[in-house]
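One line per chain: the protein sequences are A and B, in this order.
The numbering of the first sequence is full-length UniProt numbering, which starts it at 1 and goes up by one.
The numbering of the second sequence is full-length UniProt numbering, which starts it at 1 and goes up by one.
Simulated from the structure, these hints should not be mistaken for lab results.
Predicted model, so just to flag it, every value in this text is computed and none were measured.
Even for Gly, the Cβ is constructed at its ideal location relative to N, Cα and C.
Treat the hints loosely; a few may be bogus.
Calculated lysine to aspartate or glutamate pairs in the EDC-like style (CA-CA distance at most 20 Å, straight line) [stated by the list, open to error]:
#1 259/A with 290/A
#2 43/A with 197/B
#3 43/A with 210/B
#4 198/B with 219/B
#5 198/B with 185/B
#6 96/A with 83/A
Covered stretches of chain A, going by a simulated chain B footprint (3 or more residues, C-beta under 8 Å) [claimed, not checked]:
#7 1-14
#8 132-138
#9 255-262
#10 335-346
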Amino acid sequence: MRDVAVVGFAQTPCVRETDGTTNGVEMLVPIFHEVLGGLGLTKSDIGFWCSGSSDYLAGRAFSFVSAVDAIGAFPPIMESHVEMDAAWALYEAWVKLQCGEVDTALVYGFGKSSAGQLRRVMAMQLDPYVVTPLWPDSLGLAGIQARMGIEDGLWSERAMAEVAARSRAAAMSNPLAQLSGPVSPEDLLDEPYVADPLRRHDCAPITDGASTVVLAAGDRARELCERPAWITGFEHRVDSPSFGTRDLTASPSAVAAGKAAGADGVEVAELHAPFTHQELLLSQALGLGDITVNPSGGVLAGNPMFTAGLSRIGEAARRVHDGTASKVLGHATSGPLLQQNLVCVMEGRD
Amino acid sequence: MPRPLSAPLDVGFDYTRSTGPTLGRFLSDLRRRKVTGIRGADGRVHVPPLEYDPVTAQRLTEFVDVASTGVVRGWSWIPEPLEGQPLDRPFAWALIQLDGADTSLLHAVDAGSPDRISTGARVRVRWRGDRVGAITDIECFELSDGPGDEPVEADDVTMVTTPVHLHYTHTASPTEDPFLRGLMEGRLLAQRCPACEKVYFPPRPACPTDGVPTTDAVELSDRGTITTFCVVNVPFLGQRIPPPYVSAYVLLDGADIPFLHLLLGVAPEDVRMGMRVEAVWKPREEWGPTMQNIDHFKPSGEPDAPFDSYSQHL
């Protein structure tokens, strides 16, 4: 295996609504400038580009092709795209680097959720014969999962509110967060249900945003970054899309991805958990114990669709870059109710 | 700065899908007021039926009749239903394990209020009157410990149609916005890239060569050159003009990117690359933020432009 590291990360502020287009160009141009400028690179130094986004979210065909304008793709570049969270684009780029074809890659994702009705758009990822025609909304489905865990004694509405309160407190140190500030779980529990047993604080906010991560291999990574976040494990696994056959209070795919990636011993984890109970479920599945989870506030503090998972990996890598941790974990999820899970373990070497 | 122009866009499409043997059986049986599952590799009965086992990926073929009554295994409460959902009054989403099944089906329960439903509650199917062979043939479930309805005769279905309607608000980019506002006044406003100095019409959010936002507005005349064209001979749905007619790429004087428009006032066999053209505008009272303000282009009568003048813009 080639040594490959995350060497750069940039993200836009997480906001409820931007003025820009749904092809993301206005959000991407400044963060490309920031991440490349920070590394002393220009676009011609990047060997491979890969993105994650969704046309259903954008409400237009081939939005990722329009997004390429933000790169300035002339002369022609080597480029690819996944219709998933950009964490999976990062996986594709990592494979590309493993193949030895290139030494650097820039990965990005973007989503303007405010353009449509996110709860309905998310129904498009469900089984098109027996589920989508009912238009289940993402909050309604997550509410079923949350109740099953509550009634099995795995978590409680109180524990869920504590996750939300901890997220918003942590996000006070994150200037790009959408939701932050001191709140008490008691006050949160006084709020009404939006999809009983879920209250608003249990659900990640609707967010517009974009983010980008730069990968580099071997000596190139050492040149670009004082303390690269070397990827020591990168795995993704999937459970059945037929969620009525699954035990929704467990996540076999997260367990398997965590084991394969070597999650043992991580000091900090950034989890892509769009609902409070899912953070509790994932912490358990990945065996995280009492370590620091979501010091950025996580997606409960800002959830730019199709790049929030990539941002988790970028946030985790930053803890290695700045020397505050030596082994970290970034997680991403995709599909309904934690169907697919990706784990990226990164380490600093002194 | 005022917010950029924005407008609603409603996207709709009726997805038609063939059902195949497994889902075809399930959906045909729903039409008959029957629910059918399939036995998995581990002996579990899956409802809805799966084509392949979720663990072993083995092809599944043994259909099993199950009841149209069952028990709620998990639920959430939707106080404000969204467009397209089974009920337009508050309802519960529930995973329902039908009697005889080992897995759960997602559907709506018409429970009235959240304090009337609980995990373990008995429910039965409320069938739609006009069944077509779709999951929506189950109108919803209702709280009841009574028996299910008797099946009836119906033909098989092999196709299912799912209408999808999504609603968006699209916003113009900061560079598209002055272009669209200019059109409302009959002005053609392009943008110049500060790096390569190319002039884009219509403007784009960023220069596709340099990846930087275009910053300088440039007003163009409504004259230009045909860079290339095609003669449309094929009729299609929504066509405005009877074929044959000419669609042409017009490079406005001073622009670096041509755009597609309609060319009239010349026989198709007389159209040439390099032909000089001018805009024919609609009456001013019909103008809006759209390129349709220009009804079409027509030959201007000027001598043809030399090839070198547009060879870099093909």
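Comparing the hints with the structure gives:
For the hint linking residue 259/A to residue 290/A, the alpha-carbon distance of about 18 Å falls within 20 Å, and the restraint holds. Between residue 43/A and residue 197/B, the direct Cα distance comes to roughly 19 Å. Compliance with the 20 Å bound is thereby established for this hinted pair. Distance hint between residue 43/A and residue 210/B is fulfilled; the C-alpha atoms sit about 9 Å from each other, no more than 20 Å. With a C-alpha separation of about 14 Å, the suggested pairing of residue 198/B with residue 219/B holds against the 20 Å cut-off.
Restraint check for residue 198/B and residue 185/B: not satisfied, since their Cα atoms lie roughly 24 Å apart, outside the 20 Å limit. Annotation: proposed proximity of residue 96/A to residue 83/A holds, straight-line Cα distance about 18 Å (limit 20 Å). Residue count for the stretch 1-14 of chain A with a Cβ under 8 Å from a Cβ of chain B: 0. That is fewer than the three needed, and the coverage hint is violated. Counting residues of the stretch 132-138 of chain A whose CB lies closer than 8 Å to any CB of chain B gives 6, so the stated coverage by that chain holds, three being the minimum.
Check result for the stretch 255-262 of chain A against chain B: violated, 0 residues qualifying (beta carbon to beta carbon below 8 Å, three or more required). Only residues whose beta carbon comes within less than 8 Å of a beta carbon in chain B count, and the stretch 335-346 of chain A has 0; fewer than three means the coverage is violated.
Figure legend: structure checked against the earlier numbered hints; hints not met, in rising order: 5, 7, 9, 10.
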